[in-house]
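Protein chains in written order, with the numbering used here: chain A, 40 to 378; chain B, 35 to 168.
Read the hints as simulated data drawn from the structure, not as lab findings.
Bear in mind the structure is a predicted one, so any value in this text is a computation, not a measurement.
Mixed in with the good hints there might be a few duds.
[Unchecked claim] Calculated pairs, DMTMM-like style, for lysine to aspartate or glutamate (alpha carbon to alpha carbon, straight line, at most 20 Å): (1) K272/A - E84/B; (2) K37/B - E57/B; (3) K340/A - D43/B; (4) K85/B - D316/A; (5) K90/A - D112/B; (6) K60/B - D39/B; (7) K340/A - D82/B; (8) K60/B - D312/A; (9) K364/A - D240/A; (10) K44/B - E271/A; (11) K272/A - D348/A; (12) K74/B - E158/A; (13) K36/B - D348/A; (14) K85/B - E271/A; (15) K74/B - E186/A; (16) K109/B - E158/A; (17) K376/A - E224/A; (18) K340/A - E271/A; (19) K109/B - E195/A; (20) K112/A - D240/A; (21) K60/B - E313/A; (22) K272/A - D43/B; (23) K90/A - D82/B; (24) K37/B - D316/A.
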Amino acid sequence: MKLDFTHAQAAHCENGVTTSLLRHYGVQQITEPLAFGIGSGLFFIYIPFMKVNGGPAISFRTMPGMIFKRTCKSLNIPILRKKFLSEEKAQLELDARLNAGEPAACQVGVYYLPYFPREYRFHFNAHNLIVVGKEADNYIISDPIMETLVSMSSYELKRVRFAKGPLAPHGQLYYPRERKPVTNEQIKAAIVTGIKRNVRDMLHIPGNFAGISGIKYTAKKIKKWRDSLGLEKSRSYLAQLVRMQEEIGTGGGGFRFIYGAFLQQAYAYHQVDELMDISRQFTRAGDRWRDAAVQASGIYKGRLALQQDYNHMGDMLLEIADMEKAAFKELAVAVKKMK
Amino acid sequence: MKKEDIPQDKGALGNEVSYVVDENGKYTTGISNGWDVKIKALDVAWSDIEKKVNEAKQKLLNDEASPILYFMELKIMDLPIVAAYTGFWQWQIRRHLKPSVFNRLSEKKIQQYAELFEITPGELRNAKQILSNR
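So here's chain A without its partners, still in its complex pose (with noise of 0.2 Å):
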């Protein structure tokens, strides 16, 4: 059987099953970059002990199944969200599901997922998708990612459920517990949550490898890089960069031109005419973001190698520092106007 259900293509897998999911449940208003700006999605990190594929750990965003589960909470959507030992059981329960007439969510892996493109498939185990029905031994699967409903077997289903590695899924599966429509008040009082936890994560937040000091943190780095890794290593380091800022689905800009968009459909909410100003920082901020991906691109392809093309690379993050500590200073003061 196949569900009733609205399939729509995001930026973000995160945001896009978010965001579908609850509009399935009842929400109305919800849209993608809502989502994201309740959820608080907006963040940089370095994590300077720990590889990526043999590259630098770098986020654009909050941490996986935070979007999700803060959405839902300042909505008072009650959720499950659940983990299972036994693969059989995963998809009982999943069935289950199907069979009450309910879409749910699952967490998978990417490397076995068959409709990728093989270019996409690394061992990435924070991809999110619906299942939206089943057909013999067929799930039908809405993947925010995709323009179109794919589906997926039993098998290809559970392998991709059940991936190991780094973030392992376990079978995990969840979706909203009830059916039911929000008010626009809430949805005010929502937006508000999620701005102010968002100006505390990007401004306040300790250490000096996270939020602003961050991206400062990795300008400095990059200046380094040539001297202490080499041409060819920092080359792969830069490339890896640029695909956490524009590759997994970040609407370009490593989310920032979301996050713009966030503070517009936020004004319609909240008439307080600084969001409007504040969201064109954020869209200069993506803007330079992109300038610097294509200094990167100069140096991973080979054309730029000069140490002063590194500091200029570094120069561009420390801007974009500034830029976003200048609007996130902004938002703070303009949220306490938002009522």
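The hints should help you fit chain B onto chain A, whose structure is shown.
Chain B alone, transformed into the frame defined by chain A:
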């Protein structure tokens, strides 16, 4: 980014959603079918992988490593990932990377590795001959 500036450079993933501003400065979405800057970034990642695979192949041909290293690199895996899938300890796998230890592995262990690497036990055992004949 402005809507008219969305890059269309034909990448591997196909059409992706981008957030952009229209002529009135209002946010909207647009479709990008790829951007040269990130296509090249992905190319770099794959050429790094290819390099590691070739190094592992050379080590296999020189009897410096067992076929497990070669298939591990081919499947973009590292010790923690292989350990998680097979249930072996990392120190065990590290031993299995030595040709002398590999040649004495039980049929059961060979079977486990072959399943993970999606090949037959024979292809795993004889990887050196197969690769050197290519």
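Hints, one by one, checked against the model:
no. : hint            : result
1   : K272/A - E84/B  : 15 Å, holds
2   : K37/B - E57/B   : 8 Å, holds
3   : K340/A - D43/B  : 16 Å, holds
4   : K85/B - D316/A  : 48 Å, violated
5   : K90/A - D112/B  : 12 Å, holds
6   : K60/B - D39/B   : 15 Å, holds
7   : K340/A - D82/B  : 13 Å, holds
8   : K60/B - D312/A  : 14 Å, holds
9   : K364/A - D240/A : 12 Å, holds
10  : K44/B - E271/A  : 26 Å, violated
11  : K272/A - D348/A : 15 Å, holds
12  : K74/B - E158/A  : 12 Å, holds
13  : K36/B - D348/A  : 27 Å, violated
14  : K85/B - E271/A  : 12 Å, holds
15  : K74/B - E186/A  : 24 Å, violated
16  : K109/B - E158/A : 12 Å, holds
17  : K376/A - E224/A : 15 Å, holds
18  : K340/A - E271/A : 11 Å, holds
19  : K109/B - E195/A : 17 Å, holds
20  : K112/A - D240/A : 18 Å, holds
21  : K60/B - E313/A  : 15 Å, holds
22  : K272/A - D43/B  : 26 Å, violated
23  : K90/A - D82/B   : 15 Å, holds
24  : K37/B - D316/A  : 19 Å, holds
In summary, the numbered hints that this structure violates are 4, 10, 13, 15 and 22.
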